[in-house]
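**Q** With the hints as constraints, model all of the structure from the sequences given.
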Amino acid sequence: MAEKLINLENIHKDYGGKVVLDNINLYVRDKEFVTLLGPSGCGKTTTLRILGGFETPSQGVVYFDGKIINDVPPNKRQINTVFQRYALFTHMNVYDNVAFGLRISKVKESEIKERVQRMLKLVNLPDYADRAVSSLSGGEQQRIAIARALVNHPRVLLLDEPLGALDLKLRQNMQRELKAIQQQVGITFVYVTHDQEEALTMSDTIVVMNKGRIQQIGTPVDIYNEPKNAFVADFIGESNILDGVMNKDYLVTFCGRQFECLDKGFAPDENVDVVVRPEDFELLPPDDERVQMVGTVKSVIFMGVHYEIMVETEHFTWMIQSIYETHVGDRVGLLLTPDDIHIMHKS
Numbered sequence: 001m002a003e004k005l006i007n008l009e010n011i012h013k014d015y016g017g018k019v020v021l022d023n024i025n026l027y028v029r030d031k032e033f034v035t036l037l038g039p040s041g042c043g044k045t046t047t048l049r050i051l052g053g054f055e056t057p058s059q060g061v062v063y064f065d066g067k068i069i070n071d072v073p074p075n076k077r078q079i080n081t082v083f084q085r086y087a088l089f090t091h092m093n094v095y096d097n098v099a100f101g102l103r104i105s106k107v108k109e110s111e112i113k114e115r116v117q118r119m120l121k122l123v124n125l126p127d128y129a130d131r132a133v134s135s136l137s138g139g140e141q142q143r144i145a146i147a148r149a150l151v152n153h154p155r156v157l158l159l160d161e162p163l164g165a166l167d168l169k170l171r172q173n174m175q176r177e178l179k180a181i182q183q184q185v186g187i188t189f190v191y192v193t194h195d196q197e198e199a200l201t202m203s204d205t206i207v208v209m210n211k212g213r214i215q216q217i218g219t220p221v222d223i224y225n226e227p228k229n230a231f232v233a234d235f236i237g238e239s240n241i242l243d244g245v246m247n248k249d250y251l252v253t254f255c256g257r258q259f260e261c262l263d264k265g266f267a268p269d270e271n272v273d274v275v276v277r278p279e280d281f282e283l284l285p286p287d288d289e290r291v292q293m294v295g296t297v298k299s300v301i302f303m304g305v306h307y308e309i310m311v312e313t314e315h316f317t318w319m320i321q322s323i324y325e326t327h328v329g330d331r332v333g334l335l336l337t338p339d340d341i342h343i344m345h346k347s
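With our numbering, you'll find the sequence shown wraps up at 347, consecutive numbering, no jumps.
Since the hints were derived computationally from the structure, they do not count as laboratory data.
Some clues are possibly wrong.
Only pairs whose alpha carbons sit at most 25 Å apart, straight line, appear in this in silico DSS-like list of lysine-lysine [what the hints assert, rightly or not]:
#, residue 1, residue 2
1, Lys211, Lys346
2, Lys228, Lys248
3, Lys169, Lys179
4, Lys4, Lys228
5, Lys108, Lys67
6, Lys121, Lys169
7, Lys76, Lys106
8, Lys346, Lys228
9, Lys346, Lys248
10, Lys211, Lys169
11, Lys76, Lys31
12, Lys179, Lys211
13, Lys4, Lys179
14, Lys18, Lys211
15, Lys179, Lys31
16, Lys121, Lys179
17, Lys264, Lys248
18, Lys113, Lys76
19, Lys211, Lys228
20, Lys31, Lys121
21, Lys108, Lys121
22, Lys4, Lys76
23, Lys121, Lys106
24, Lys4, Lys67
25, Lys228, Lys169
26, Lys264, Lys346
**A** And the structure:
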């Protein structure tokens, strides 16, 4: 297991009495790709700015490689940042943009040339050194911003929604390239986004945030399959969330009947949130003996790889994703296994 490179302990940040970060505790391992994920205003960018030295916490301690860096300015940290607006120098060509930080640090021109060429090759733009920045596409500018940040050999690269301005296809391509670059250079990436797909695609670890607090930390698989509360379940992918009662360990009541589940540790007859992912339903003929609920198809939308189907039952209208086509008005049966049902304490 890699060592802890960054450690945030009891970080609190407020602006004029408004709490932005509320007791954040988080560590990041060396060479890890960590994504801070959450809606606008959840505190993820403020957390990133505190790591970069652009903000100071109101309370708490920031450790880097075991040393407190609360008062260390950004240019003295082994951390570089790529912002959503790439902040490239439009009066300089690509080469001079990438070389800028090295020249400020008084690196020899011969070494600058070698390092700039290596970085341009890394971001797949080896022949762009003499290009004007203004002539580049959004995706190319983003790569140059990454090259400029990496050329100084930081131990950590912070990325604040760097793909937000790109179209869908280019954004998906850059997700793969960013992950490949991170693995190739072998440094720590801390990435901020509100896009769940980006987080699931690229991350080793996802930190889900809401209203200044961490809701859950885990691998993409853990976050998706085992959300800790209804907010995480709803924010990461689509979910059906409804009220239930946990009768006892491994047995829950919702929609007027009891279901076996895999959850335990709740109080007897505790009111709970029940979460079911749309893709976890099995659609059956309504007269199949295995059917647990019967409903009527209210809408069908073709999504490319599956159909999104709304099925109205006696107690709840379910969103279901299936590769099998149904039609509005069809009567269908629904089946859930214990593994499909996730139980959470009331938020």
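**Q** Under the criterion that the straight-line Cα-Cα distance not exceed 25 Å, is the pair Lys346, Lys248 satisfied?
**A** Holds: Lys346 and Lys248 sit about 16 Å apart, inside 25 Å.
**Q** Quick one, are Lys121 and Lys169 close enough, alpha carbons at most 25 Å?
**A** holds (22 Å)
**Q** Between the alpha carbons of Lys113 and Lys76, is the straight-line distance 25 Å or under?
**A** The given pair, whose Cα atoms are some 23 Å apart, holds under the 25 Å limit.
**Q** Can you confirm whether the C-alpha distance between Lys4 and Lys228 stays at or below 25 Å?
**A** Holds - the C-alpha atoms of Lys228 and Lys4 are around 24 Å apart, at most 25 Å.
**Q** When you check the alpha-carbon spacing of Lys228 and Lys169, does it fall within 25 Å?
**A** Given that 25 Å is the threshold and the Cα spacing comes to 31 Å, the pair is violated.
**Q** Checking one constraint from the list: CA of Lys121 to CA of Lys179, max 25 Å. Satisfied?
**A** Holds: Lys121 and Lys179 sit about 16 Å apart, inside 25 Å.
**Q** Keeping to a limit of 25 Å between CA atoms, is the pair of Lys169 and Lys179 held or broken?
**A** holds (16 Å)
**Q** Between Lys108 and Lys67, is the straight-line Cα distance small enough, at 25 Å or below?
**A** Roughly 30 Å between the alpha carbons, so the hint for Lys108 and Lys67 is violated.
**Q** For the pair we were handed, Lys31 and Lys121, check the Cα-Cα distance against 25 Å.
**A** holds (21 Å)
**Q** Straight-line Cα separation of Lys264 and Lys248 no greater than 25 Å?
**A** holds (7 Å)
**Q** Do the alpha carbons of Lys179 and Lys211 lie within 25 Å of each other, as the hint requires?
**A** Distance of about 28 Å is beyond 25 Å: violated.
**Q** For the pair supplied as a hint, Lys76 and Lys31, is the alpha-carbon distance within the 25 Å limit?
**A** Status holds; Cα separation ~20 Å.
Violated hints, in rising order: 5, 10, 12 and 25; the structure is consistent with all others.
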